[in-house]
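Required output: the full structure, derived from the provided sequences and hints.
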Amino acid sequence: TDEQQRNVTITEVIKKLNDVEVLGHDGDVIGDAYEFLISQFASEAGKKAGEFYTPHMVSDMMAQIVTLDQKERPFFSVFDPTMGSGSLMLNVRNYLTHPDNVKYHGQELNTTTYNLAKMNLILHGVDAEEMNLRNGDTLNKDWPTDEPYTFDAVVMNPPYSANWSADTTFLDDSRFNRYGKLAPKSKADFAFLLHGFYHLKETGTMAIVLPHGVLFRGAAEGVIRQKLLEDGSIYAVIGMPANLFFGTSIPTTVIVLKKNRQTRDVLFIDASREFVKGKNQNKLSEENIQKILETYAERKDVEKYAHLATFDEIKENDYNLNIPRYVDTFEEEEPIDMVHVGNDIKKIRQEQQVLEKELLEAISSLQTTPENEAWLQGALEVFKHEQ
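Residue numbers (our numbering): 97 to 483.
Heads up, a few of these hints could be off.
Calculated lysine-lysine pairs in the DSS-like style (CA-CA distance at most 30 Å, straight line) [claimed, not checked]: (1) Lys297 x Lys355; (2) Lys281 x Lys355; (3) Lys214 x Lys297.
Quick list of simulated restraints, FRET-style, between CB atoms [said to hold, decoys possible]: (4) Pro195 x Asp233: 26 to 32 Å; (5) Arg169 x Lys323: 26 to 32 Å; (6) Thr359 x Asn190: 25 to 31 Å; (7) Glu370 x Ser261: 37 to 43 Å; (8) Asp233 x Pro347: 27 to 33 Å; (9) Ile441 x Glu412: 44 to 50 Å; (10) Pro240 x Thr359: 27 to 33 Å; (11) Asn376 x His194: 33 to 39 Å; (12) Ile346 x Glu412: 24 to 30 Å; (13) Arg169 x Lys237: 28 to 34 Å; (14) Pro244 x Glu394: 29 to 35 Å.
The set of hints was computed from the structure by calculation and includes no laboratory data.
Because the structure is a prediction, the values reported are computed rather than measured.
Built from N, CA and C at the ideal position, the CB exists for glycine as well.
Now the structure itself:
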């Protein structure tokens, strides 16, 4: 069967890898080769790939966001509760001054994908004592519960609008109990967000990819969103282009969260229209990413691209974070030059009169026969009437 053949192939690959002196090589070289294969498989796998792989340009952007104001930390910890292949948290070290002093904490429900992530970290030269990985359900049972359970950075690309139990016992769960409501059973987006945020250090930064619905849906999600905004926890909302991710063409948003902020303003960035069109997936260019990062760092208004909204603005909008409410991307049409239009109409009418005159002359010159007499008379009457 195909599955048996795949197992044979994997076995052969492992045997070949075993023959390679991995420790004698630059870990990043082999690790990057492995990650390249993961990305190529993701490209071919389509929808299923969304379960384990975040496109590199998005991962790159998120890694730079969560490390922006903490690059110099001598020791750094990163957590991805829905880690997939592990690439998202691995990318964080590329933007740190001390990339060798990073501890990786991750959880993954799918056993095969969990093993994929573990192999990814190993082949990138991450030692066993530097990784703390778990194969389990992120939402149904909190983890980690032992020290350390909060981290400098949390990065997440969870399954969008997934189902979860939403059992009322979770109202007593320390991850969710301060928000008054639970995420709906059919939309676990806020459950994932709150789980990750709970495990963020007081001085850390979190970045999570979610569908746009979390920005404006009401009921329980509206209550949770309002509480997050009242606490000043939402730092930025970045609208991404459609069709960036494997398995879904819907546009997504990257939400950035922080704790213990002195202000409650929110930076909105509409990057949805700036991308490189691809055959199957759209992509972000280096220029696109740099514009997002510079705007994020400067935290200022950019016409038709970004707006720093006050808490009062957000409150006036009933805590709805739909990006078009804050970033006006409407392109005004150029005013119509009525004089130019009038001249065009006059010219067209003159041309019409010339054509009608030529046509009338052509009809008048036709020889009348019993067969066409009635038609010719009718045509001539029409032209005489028009004139």
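Going down the list of hints, with the structure as the test:
1. Of the supplied pair hints, the one linking lysine 297 and lysine 355 holds, its CA atoms being roughly 8 Å apart against a limit of 30 Å.
2. This hinted pair checks out: lysine 281 and lysine 355 have alpha carbons roughly 27 Å apart, not beyond 30 Å.
3. Restraint check: the Cα-Cα separation between lysine 214 and lysine 297 comes to about 24 Å, which is no more than 30 Å; the hinted pair holds.
4. Roughly 31 Å separates the CB atoms of proline 195 and aspartate 233, a value that falls within the hinted 26 to 32 Å.
5. Range check, arginine 169 to lysine 323: Cβ separation about 29 Å, and the 26 to 32 Å hint holds.
6. Taking 25 to 31 Å as the suggested C-beta distance range, the pair threonine 359 and asparagine 190 conforms, at roughly 30 Å.
7. In this structure the supplied range 37 to 43 Å holds for glutamate 370 paired with serine 261, their Cβ-Cβ distance being about 39 Å.
8. Restraint check, aspartate 233 to proline 347: a C-beta distance of roughly 28 Å satisfies the suggested window 27 to 33 Å.
9. Checking the proposed 44 to 50 Å range against isoleucine 441 and glutamate 412 shows it holds: the Cβ atoms sit about 47 Å from each other.
10. Restraint check, proline 240 to threonine 359: a C-beta distance of roughly 31 Å satisfies the suggested window 27 to 33 Å.
11. Range check, asparagine 376 to histidine 194: about 38 Å between beta-carbon atoms, so the 33 to 39 Å window is met.
12. About 28 Å separates the C-beta atoms of isoleucine 346 and glutamate 412, a value consistent with the hinted range of 24 to 30 Å.
13. The beta-carbon spacing between arginine 169 and lysine 237, approximately 29 Å, falls within the hinted interval of 28 to 34 Å.
14. In this structure the hint that proline 244 and glutamate 394 lie 29 to 35 Å apart at CB holds, the actual value being about 32 Å.
Figure legend: structure checked against the earlier numbered hints; every hint is met.
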